[in-house]
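Chemist: Residues per chain are reported as follows:
Protein chains: 2
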Amino acid sequence: MLRMSTLLLRTLRDDPADAEVASHRLLVRAGYVRRISAGIYSWLPLGYLTYRNIERVVREEMDAAGFQEVHFPALLPRDPYEQTNRWSEYGPDLFRLKDRKGNDFLLGPTHEEMFTLMVKGEYSSYKDLPLSIYQIQTKYRDEPRPRSGIIRGREFVMKDSYSFDIDDAGLEISYQKHRDAYVKTFKRLGLDFNIVSAMSGAMGGSKSEEFLAPCPTGEDTYVLCEKCGFAANVEAMITKVDAYAGQTPPAVEVFDSPNTPTIDSLVELYNGLFSEPITAANTLKNVLVMVDGVATSILVPGDREVDLKRLGANLPGAQDIRIFEEEDFAKFPGLVKGYIGPQDAAAQGIKVYADPRIVIGSHWITGANAKDKHARFVTHGRDFTVEAFVEAVEVKAGDLCPTCATPVVIDRAIEIGHIFQLGRKYAQALGLTVLDQNGKSQVVTMGSYGIGVSRAVAAIAEQTHDEIGLNWPREIAPADIHLVAAGKDDSIFEFANTLATDLESAGMRVLFDDRRDASPGVKFKDAELIGIPYIVVVGKSLQDGEIEFRVRKSGEKSQIPSGSAVATIVAAIAG
Amino acid sequence: MLRMSTLLLRTLRDDPADAEVASHRLLVRAGYVRRISAGIYSWLPLGYLTYRNIERVVREEMDAAGFQEVHFPALLPRDPYEQTNRWSEYGPDLFRLKDRKGNDFLLGPTHEEMFTLMVKGEYSSYKDLPLSIYQIQTKYRDEPRPRSGIIRGREFVMKDSYSFDIDDAGLEISYQKHRDAYVKTFKRLGLDFNIVSAMSGAMGGSKSEEFLAPCPTGEDTYVLCEKCGFAANVEAMITKVDAYAGQTPPAVEVFDSPNTPTIDSLVELYNGLFSEPITAANTLKNVLVMVDGVATSILVPGDREVDLKRLGANLPGAQDIRIFEEEDFAKFPGLVKGYIGPQDAAAQGIKVYADPRIVIGSHWITGANAKDKHARFVTHGRDFTVEAFVEAVEVKAGDLCPTCATPVVIDRAIEIGHIFQLGRKYAQALGLTVLDQNGKSQVVTMGSYGIGVSRAVAAIAEQTHDEIGLNWPREIAPADIHLVAAGKDDSIFEFANTLATDLESAGMRVLFDDRRDASPGVKFKDAELIGIPYIVVVGKSLQDGEIEFRVRKSGEKSQIPSGSAVATIVAAIAG
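If you're matching them up, the sequences are chains A and B in order. Note that the working numbering gives residue 15 to position 15 of the first sequence, counting from 1, and the numbers run on in steps of one. Note that the working numbering gives residue 258 to position 258 of the second sequence, counting from 1, and the numbers run on in steps of one.
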């Protein structure tokens, strides 16, 4: 039993200065967590009980799915991460340190290398597979902007699993098993979530899905079709296009267009010059970027912007993408700023990609590659060609669902899980092979599956809190019942104390507010803030043989006879 | 249920090259742990199950004692450790690193600062105390010589508690509560242990006790009285002495003693010169040391050596102690090497301490502070005085128990717990004060209590293993029953499979060796190595309606009827 008189808990009246999101504000005010440093937190007793409930649910569901629990260190030697090139690739997000002998170590941000090497150390035959192993472990990432409390910390706990299979068909089965286990886990945690496609063209068709918990302050933006349920993160949104169905356009026609520094000014000029009116969507923007040192033009409709993150996710192998700078233009003197068109990009040594809306056969108003000149009827396939289509424009609410063509909405969410067909990258780099039926060595294929365990505390708080406080699902709450002794009479405290003991004997976890020096008002406010699902009040009406039973979530209150309190409460909670 | 056919486990026939102790050899061979780097290990499934059983027992006992669980980060900012001076005092054992902004961090070796600051953040009144809080958490220490596997690692798990009280009487109660909880915990873990006094004079009477698990390969040496049970670590051993009961000695008599470079040669010369024979124990050795830059003479009987570690623990406040070097002698020209006596030490500016055996009134043969001269009848209190007595000589088996005067033995052990009255050091440094009954600010007094949780896996393995393998107490074992299907017939596997399921339904945790490609001999060897307490064999005798039940520890075997196997096994295990 938890007793408020001795519990290490002091609720706060005021919001902490650094709390950007509701969950963090309430977790601090209700005495669940405390900040130690940017992105680094301590857990107070109520917080750690809640955290451990989540950890237990996650572990039970992983075990139920037949995955085996292992545990790796957080302090890891450099060598395996050197072999996969992640020691340097990880950049400044990796915490690096040296031991007393000068050997390089890192604090594990993820453990692909360790999982791969563990299996390599034990297994050697296809008969040993499939295997799925997991750990629940502290991770370290030196986030540039740790924020939102425990949602994005620099030290946090993840459940990370990896599956090992001999072939793609096996991986598909392991992936589905994890997907099913994740659905069960998040349902038990009481989370609302969407499973969102995170498969981008660049990843070559291996499946990748995110579990997103919708929440207005979430850091992740995703696309949702409210009609058919299609959901994708922005990088993985697929543009819905139809083949060009118009007439074959006339030959390219160049026209004078001085003083048209913007798309709007070009549209205005055009609509003055020609009879059929256009909008920005009829013009073609040539966005010049450097992709790993290669000059590249991304063609998008004039009413759209390029989303560099989306572009990066969809250009196979691209590492470093940036917008053209002055010095880049200097290297391509053929480029006439403000009047660029794709017509002779190839001749100038510029690679060209197009947004899927620039369908073959469609014609555009674009630069004529000459000062103060634009051209119309510039037709894809006739007047210019592209390397490939690429999903690169900023996704907007109202874009069409690729599945059912309904306008989509853009929603915000917290990423609570990610499942991913990792493939052979790590097995290849670290030499994880097994012999197949024919005695031939085969590189193992892997899946990678993560749940943010400490983050889930905040995600659940975000989704379940209300204006007066936290509001936990029962399985996650630090107790089932918050029992308040409200009054001054000894008889109230004696009755409440016995009731608390009896409820614990009946299998209920009780937080008993047995404080003598706190007023009923303070106790009620604390109970609402702390968010335990059921509140029982022993107060003045005890003299009439009644106590009060409250449901925290609905606010519903009822008087119950004090003589049969335990049975009535247990029955009410069991529902 | 664990199934050998799918369990991530490959036992090893051969001892690992780096295994110095039995526990580590067996934990590696039986597939419990794997080495990642010096002092850094991964847990395989069986190992992590075992570890988690220990963690559970520790947590249950801490909770039962009313201690509250909290959790701190491992990655900690420098500032609090700067305030207590531990950032630098900790030396090279501390893992230090910088974040991306260049801020200093450390990996927590212990969390005194964090516990103190947490309580300071929440509490302000004597009414809030007493409080005991704990965490089970990963610690980091860059040991100069990590060894013995998980017994002394660089990354390891500790349960660390701290108690907070307003006064010494409160601390005494909190200390005793922890002591009681530790006794219960280690008993449940099946550990043999001694509670050993670690209280040294220098610590000013605050209590400190170690829980030591005797084991021949242990790193800790301690003194044990097999008669009365007195136990102390070597630093805390108390010398048993009687007051001087002889006659008042004659005046000091100087005699020629050329060529007596050793105690033995002095004894030989003396016994030639004088009628009453002596031994080395009648001579007085003047061991010169520098204690934080102060020249100090430690007087000990000639048959004893000075133990610098013991001396350090017993000289209040001493930080740096070293034996005199040539340059130190050069600063004290009055010192005649080989002929030093305490008679005029004070005049020379040398501080003198004496072993308790140099009782007041006793007389000694020692140097006469003149070349080739010794003196006899040199009497403590008459011819020389000392600053204080100090426990500084090497403890030997056969020294007398301070409690019952029986000769003690010297034993080896693994330290599994340590409880310690820490006092006000950290509260003072970090400003943890509360208001007392009179509204006056008081510095809180603290106790510090640790259990090596991951180390306990190895300590239990050390104490319980035998020549054929591990041998776990049931509560700690990764399963209750190791069920072996021994044979080739499908009927054996089918029966065993049903039995495994039925045993699990009856509440038993079963490891089922369902491998089709392993011989009975291999399976039996694995069962012995893995060390689950009960082994059930379903083999050829199944056709006669019998299966075998083995007790791993005693080797006892019995045939039981297959028809009533579940009931018989459950009854046998329940004892």
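The hints are simulated quantities; they were obtained by calculation from the structure and are not laboratory data. Treat the hints with caution; some may be incorrect.
[As the list claims (entries may be wrong)] Covered by chain B, per the in silico footprint, the following chain A stretches (three or more residues, Cβ under 8 Å): (1) 8-21; (2) 93-101; (3) 110-122; (4) 178-187; (5) 381-394; (6) 474-484.
[Unchecked claim] Computed from the model, here is a short list of chain A residues facing chain B with C-beta under 10 Å: (7) 74; (8) 76; (9) 105; (10) 126; (11) 517; (12) 542; (13) 572; (14) 575.
Yeah, the Cβ is synthetic: ideal placement off N, Cα and C, and Gly gets one too.
Chemist: Would you mind marking each hint as holding or not holding in the structure?
Modeler: Hints and how they fare:
Chain B is given as covering the stretch 8-21 of chain A, and this holds because 3 residues of the stretch bring a CB closer than 8 Å to a CB of that chain, at least three being needed. Residues of the stretch 93-101 of chain A with a Cβ under 8 Å from some Cβ of chain B number 6, which satisfies the need for three, so the listed coverage holds. Counting residues of the stretch 110-122 of chain A whose C-beta lies closer than 8 Å to any C-beta of chain B gives 5; at least three are required, and the coverage claim holds. For the stretch 178-187 of chain A, the stated coverage by chain B is violated: 0 residues have a C-beta nearer than 8 Å to a C-beta of that chain, whereas at least 3 were required.
Under the rule that three or more residues need a Cβ within less than 8 Å of chain B, the assignment of the stretch 381-394 of chain A is violated, with 0 such residues. Proximity of the stretch 474-484 of chain A to chain B, defined as three or more residues with a beta carbon under 8 Å from a beta carbon of that chain, is not established by the 0 residues found. With a cut of 10 Å, the hint placing residue 74 of chain A at the interface with chain B holds, because the nearest CB-to-CB distance is about 7 Å. This hint holds: residue 76 of chain A has a C-beta 7 Å from the nearest C-beta of chain B, less than the 10 Å allowed.
A cut of 10 Å between beta carbons decides the hint on residue 105 of chain A: the least distance to chain B is about 8 Å, and the hint holds. For residue 126 of chain A, the interface hint is violated, since its Cβ never comes within 10 Å of a Cβ in chain B; the closest pair sits about 13 Å apart. A cut of 10 Å between beta carbons decides the hint on residue 517 of chain A: the least distance to chain B is about 8 Å, and the hint holds. Evaluation of the residue 542 of chain A hint against chain B yields a violated restraint, the C-beta minimum of about 26 Å exceeding 10 Å.
Contact between residue 572 of chain A and chain B, as hinted, is not supported at the beta carbon level, the nearest pair being about 27 Å apart and thus beyond 10 Å. At a threshold of 10 Å, the smallest CB-CB gap from residue 575 of chain A to chain B is about 28 Å, leaving the interface hint violated.
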